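Asker: For the record, the sequence lines run as chains A and B.
Under the numbering used here, the first residue of the first sequence is numbered 1, with each subsequent residue one higher.
Under the numbering used here, the first residue of the second sequence is numbered 1, with each subsequent residue one higher.
Take these hints with a grain of salt, some might be off.
[Stated by the list, open to error] In silico lysine-lysine, DSS-like type, Cα no more than 30 Å apart, as pairs:
| hint | chain 1 | residue 1 | chain 2 | residue 2 |
| --- | --- | --- | --- | --- |
| 1 | A | LYS486 | B | LYS12 |
| 2 | A | LYS84 | B | LYS91 |
| 3 | B | LYS99 | A | LYS244 |
| 4 | A | LYS244 | B | LYS15 |
| 5 | B | LYS86 | A | LYS89 |
| 6 | A | LYS84 | B | LYS7 |
| 7 | A | LYS116 | A | LYS296 |
| 8 | A | LYS248 | B | LYS84 |
| 9 | B | LYS82 | A | LYS115 |
| 10 | B | LYS2 | A | LYS478 |
| 11 | A | LYS388 | B | LYS82 |
| 12 | A | LYS346 | A | LYS182 |
| 13 | A | LYS583 | B | LYS86 |
| 14 | B | LYS8 | A | LYS113 |
| 15 | B | LYS98 | A | LYS115 |
| 16 | A | LYS296 | A | LYS182 |
| 17 | A | LYS248 | B | LYS7 |
| 18 | B | LYS15 | A | LYS113 |
| 19 | B | LYS7 | A | LYS89 |
| 20 | A | LYS182 | B | LYS2 |
| 21 | A | LYS248 | B | LYS99 |
| 22 | B | LYS91 | A | LYS113 |
| 23 | A | LYS547 | A | LYS115 |
| 24 | A | LYS589 | A | LYS478 |
| 25 | A | LYS113 | A | LYS296 |
| 26 | B | LYS8 | A | LYS84 |
| 27 | B | LYS86 | A | LYS248 |
| 28 | A | LYS33 | B | LYS7 |
| 29 | B | LYS2 | A | LYS84 |
| 30 | A | LYS33 | B | LYS91 |
| 31 | B | LYS12 | B | LYS91 |
| 32 | A | LYS419 | B | LYS12 |
| 33 | A | LYS486 | A | LYS547 |
| 34 | A | LYS244 | B | LYS86 |
| 35 | A | LYS84 | B | LYS86 |
| 36 | A | LYS244 | B | LYS8 |
[Unchecked claim] If you want the ones that stay clear, here's a sample from chain B, every Cβ over 10 Å from chain A, calculated:
| hint | residue |
| --- | --- |
| 37 | LYS7 |
| 38 | ARG10 |
| 39 | ASP16 |
| 40 | GLY33 |
Derived by calculation from the structure, the hints in this document are not laboratory data.
Owing to the predicted nature of the structure, the values given are computational and were not obtained by experimental measurement.
All residues carry an ideal CB built from backbone N, CA and C; glycine is no exception.
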Amino acid sequence: MRKRLDVLVCGGAACIASHSHEIKSRLIDEIEKRGLSDEINIVETGCMGPCELGPVMVVYPDGIFYIRVSESDIPELVEEHFLKGRPLKRLLWETPEARKIVEDKKLVPFFEKQKKVVLSNCGRIDPENIIEYISERGYEALGTALTAMSPDEAIESIIESGLRGRGGGGFSTGLKWKITRKSPGEQKYIICNADEGDPGAFMDRALLEGDPHSVIEGMAIAGYAVGADRGYTYVRAEYPLAVKRLEKAIQQAREHGFLGRNIFESGFDFDIELRMGAGAFVCGEETALIASIEGKRGMPTSKPPYPASKGLYGCPTSINNVETFGNIRHIIINGPEWFKSFGTEKSPGTKVFALSGKVNNTGLVEVPMGITLREIVEDIGGGVLDGKKIKAVQTGGPSGGCIPAEYLDTPASFESLQKLGSIMGSGGMIVLDEDTCMVNLAKFFLEYTSEESCGQCAPCRIGLRQMYNILIKITSGKGELSDLDKLEEMAKTIQGASLCGLGQTAPNPVLSTLHYFREEYITHIEEKRCPTLSCLDLITYQIDADKCIGCTTCAKNCPVNAITGAVKQVHIIDMEKCIKCGKCFMVCKFGAVQRY
Amino acid sequence: MKLEDLKKIREKHQKDLILREGDARIRIIVGMGTSGIAAGARETLNAFLEEIDKRGLVDVIVTQAGERGLSSHEPVVTVCEKNKPKIVYGKVTMEIAKKIIAEHIVNGNPVSSHVLEINQ
């Protein structure tokens, strides 16, 4: 019999970490106890997006959206809402500024400005149940392509749609397929690049966890289009849930005949194998990834030849990103014109961003291309935390750059971000507030990329390390003005002389912060001061003798006994011993501890 | 597997997801406050679900709400149809529920004997 309520419990990694599995089993118990099992359907879905508010849960048909649910809430929730029809107000979503209760999920600004295409099934269907995917027109695109389109027609449709690679490069997906198809060779391959490595980015993970079949379907269509019978998904081993759901999905797809021999009785054979990566950032670079699949050390090779002509095992290979594959079925079903109806002329469609940093609603958002960064941060993200001022938005991870607050009205598209010295990248978006030190941020990224450099070419291996050392020097108050010129000079050399994308883009965080926030570097060098008080070596703590009443609280709390002074006498901090943890600053009730 | 087989699977299971659309032609809201439940609202609700399932109606959803204050008329049921006045029914037993489905939902003729209120 049909159920009266569908209760969707988020099974994204963030919600699982905050115990959504326990919540789900408690729900099942409680519903059983009240004899409601026949009326209520409990579904575990992929990531719903607002991870900050997890564990989250949606109850249909009314779309009532619950946040921060805990196991102990369940008995009350079941009794009040599921039995008596009164949604539990205290768990409903509240917007931070108005604290106004918005009952209907559709009214929440976080969802309002989003346009879910790739993520349309994420958080809505059970990713481990192929039937739910089929009910959402799953595998219809594959069936249509195989029975009603020639491979060339499928390619033309993707070219016509203007879909560009969502992994960051922004190259035309259809064109890549066309080149792979035309490249001579009996054996061809499809690779799905799921080696998502940018710190803070989790778009691909969410799609693989929430709707793995859409990626499988996209790969199979790609296989048909380029003439490949074999696909590999290269996914990080750090994504165990994505791996598990993908494995299950591949198995189900085989059982239903969507993978394997003679798919849709068209004579087309295609199957997918999973390959797990050990988490090296450089393996997201396509030639390094291919080497890793071949069982070799993950090191890039020079391009050309591009994988489209000479890729995996020397055969023509089309390698596309997870999100790119997630778009394919929608374009085949709805047509290229439909796809072009969102986004901008040169960047059609939508883009998934992982919104993080100093913003109220962190999580996963899908927006039409061309929406401004301000809309993403202020409307969808709910503005900066604690009412602070926004300083910049970092896009594109370690290969990207910072876009200062005055450019927030820039549309999010491949071209416009590039014009500002950043990149779209795979979709990481970190919001920085006025307390973020831009020199320190650049140092963070350089530390990451210099660690992740594979080491085969000198500009990247030595150059990045040297740039990192200069940044350490500046943030510890030993910098000289000439260091800035050195940074720029080295950055340009590394960009020009590195073999692969890692080295070519790694200096970007330094260049873009130097360009937009040069005065912050100069303050660090000339005044030996960090304006945001982030660089520990440049901070001094001192006790104001006029304000200190000698309560001894600071001395008691100091973990290294750096504060001396008797009761009712002015205390003194010994800067030799001080580790600058800031504890005294936090505990002093009289504002006597000063930090500058 | 042929394309037609795929469509068959979809048609068979599509109704399982209908609740998540949140956009049905008709919503039947059963009052499930304490007095509603005491008067048999649960049985009424199940009767609606059973009848809808039996007739394979895909554009009708059954949901629930709290008390309307009409205790003496419980179970109280509201039928909301797009672009039409809301109709509130009182004393909806399992039999009346089946009648509402047959006469009102399917044929468009409200069961006048049990109408309490018509909201424009």
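Asker: Check the structure against each numbered hint from earlier and tell me which ones fail, lowest number first.
Answerer: Violated: hints 1, 3, 6, 7, 8, 10, 11, 13, 14, 15, 19, 21, 22, 23, 24, 25, 26, 27, 28, 29, 31, 32, 33, 34, 37, 38, 39 and 40.
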